[in-house]
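Chain B: place on chain A using the hints.
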Amino acid sequence: MGVRYLSRKLGFYLVAAWVAITLNFFLPRLIPGNPVEVILSRQSHQGPVPPGEQAALTKLLGLGTGSIFTKYLQYLDSLLHLRMGLSVFEFPVPVATVIRQSIFWTIILVGTATVISFLVGIGLGVLAGWKRGSWLDSLVPSTTFLTAMPYFWLALILVYLLTQRIPAFPASGGYNPADNIGYNWPFLISAVQHSVLPALTIVISSIGGWLLGMRNMMVSTLSEDYVVAAEARGLSPRRVMIGYAARNAVLPSLSGFAISLGFVVSGSIVMEQVFNYPGIGNILYQAVINDDYALMQGIFLVITLTVLGANLIVDLLYGTIDPRTRIAS
Amino acid sequence: MTAAVATAPETVPEDTSRLAGRLGSLLRSRRLLLGLAIVGVFAVLAIVGPMIFTNANQFSRAEWAPPSASHWLGTTQLGQDVLAQTVVSARATLEIGAGAGLIATVISVIIGIGGGYLGGVADEALSLLSNVVLVIPGLPLIIVITAFVHATGVLPMVLVIAFVSWAASARVLRAQTLSVRNREYVLASRASGEPAWRIVLVEILPNELPIIVSQFIFAMIFAVLTQAGLAFLGLGDPSQLTWGNMIYFAQNDEALTSGAWWWFVPPGACIALLGMGLALINFSLDEILNPRLRVYRPGRRRGTLALATTGHPEPAVAEQRTGGA
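Heads up: the sequence lines are chains A and B, in that order.
Under my numbering, the first residue of the first sequence carries the number 1, and numbering increases by one thereafter.
Under my numbering, the first residue of the second sequence carries the number 1001, and numbering increases by one thereafter.
These aren't lab readings, by the way, just hints derived from the structure by calculation.
One should not assume that every hint holds.
[What the hints assert, rightly or not] Here are the simulated distance ranges between beta carbons:
1. R238(A) <-> P1066(B): 52 to 58 Å
2. P1206(B) <-> T320(A): 38 to 44 Å
3. N1252(B) <-> V93(A): 25 to 31 Å
4. V1121(B) <-> L14(A): 48 to 54 Å
Treat the numbers as computed from the prediction; the structure is a model and nothing was measured.
Every residue, glycine too, gets a C-beta built ideally from N, C-alpha and C.
Isolated chain A (complex conformation):
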């Protein structure tokens, strides 16, 4: 991989991260009144506020002393030391701890569901494009309706059908509260049971996009000269379909995978609300209800930086898979 490509990508994501961090710096300025006072008064309802909290909050919210530039530096310094303040809603737990406790639920569930959706969607797309006009292909336009549906509404209906009408799955939560969280079978089994329905709703609502994109790229690729040539040489249809057509047609979907992560995260916030799943989206919701500004800021930063990191990885992988990008960009 060329150094130029690498540095270009790294540079872009550094800029993006800087923009996100700076945006985060300006967010508290949107709060009417003095945010430190607002937060402190809320915290004092929950319990005694530790002595250094006011100064820490002031720095963190970029409301420290001096010019806006020194405030900005103080804010960056707090971030570097992972000082993100104390959460109001789980007072007095530090924001970083609250986030650490919840993020794995989201990453594991949403990550698995996204990969499944991607693989199945791509697979069906290859088949639909290969057998154009078959019954599978005729189903493709109906995915329009699936994508136009509000995700949470689809999820609510599935919850209604699969937990109320046919009680096949637990309706909410991430595990059976009777189990101890840790590496023991009862907990792991109940965690898996609780994740099937949420994962299913993510897959159903996102699979259409992958299917459609892949199917269309397949149709385009199948008319390429090298595919025709491969057929003319008498290669087996299977080999032409996978080794020649699908292999090239999958490239846009692969790089689309990166950008879709942002949408996946967005969807998961709503998903966790529907299922009361103990992930980061649920915490964000709690933070919003409780006006927990420090927690909101922390979550926004963590989500954004995670998505940027995932994007960077996919971009770098993509650069090795498709050599043309390295030259073209």
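Chain B alone, transformed into the frame defined by chain A:
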């Protein structure tokens, strides 16, 4: 990034007979007619609805009533008529959708076409900006901003949604502008000393109109869905009737667990139908106004990418139609 090169609408000079032929084929497209019909019905409901049902929040004694002759879609837990609420909600939902879509499109036109036409450092900076905005996850940002501003009214919500959703179409328009910029007629008007604003407004903008329209429609779908999601999270203005708010209240009052499907199915179905109608219009517009879609060009790769990944699968879909024919 020669993104939508192939999606370039070749609408340059054309004689009236070709135009008539196009309009003819446009109207023969069943999918377009269906899409227009769906969106048209909702538009009429949005205008007329609040006049018919003057008080959709009216309580009544018939609480939790399933659909019947007096309440076609049943009632809520306060005895409000679900049909009336659904019809009246069309107005605010469409207003937010169209408003946010329009603002997002205007921003993307300025940044996309501006950057593409100016080139050089300005273009680098503007496309960096769009790429950064594209990669920052939208909904968390919207949620956090809405929560910080503490304003859930229509205007702030429209502005916030527009603010995070213009980037994808700016990228498409920029790529398109890059390809249009070097066509002969643009070069000719530049050589004849036309001012830049005139070249952009008179030569380039009309040429990209079909793309702009389709980007607007996608922005509108996005806005409607986002607004519904925000309302569901309790970040909407609860005093306002939108489909999102209806689902929010239905969920809050446990309509699901008590089996009151008639309360939460209609608003969601309306959102899905509206989205589908808009998408159908887009697909068929794209298909008919873009004869070039019939030809596959390798250079389009990044273009389809930008579209497909933002839930904007339209050129690819049109291609599916024409390519499959």
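Checklist entry - Does 25 to 31 Å hold as the CB distance between N1252(B) and V93(A), or does it fail? => result Because 28 Å falls inside the window, the suggested range holds.
Checklist entry - Do the beta carbons of V1121(B) and L14(A) sit within 48 to 54 Å of each other? => result Violated, at about 19 Å.
Checklist entry - That 52 to 58 Å hint for R238(A) and P1066(B) (C-beta), does it hold up? => result Holds, since R238(A) and P1066(B) (Cβ atoms, about 53 Å apart) stay within the stated range.
Next on the checklist: Verify the CB-CB distance for P1206(B) and T320(A) against the hinted window 38 to 44 Å.
Outcome noted: Since P1206(B) and T320(A) have Cβ atoms about 42 Å apart, the given range 38 to 44 Å holds.
In summary, the one numbered hint that this structure violates is 4.
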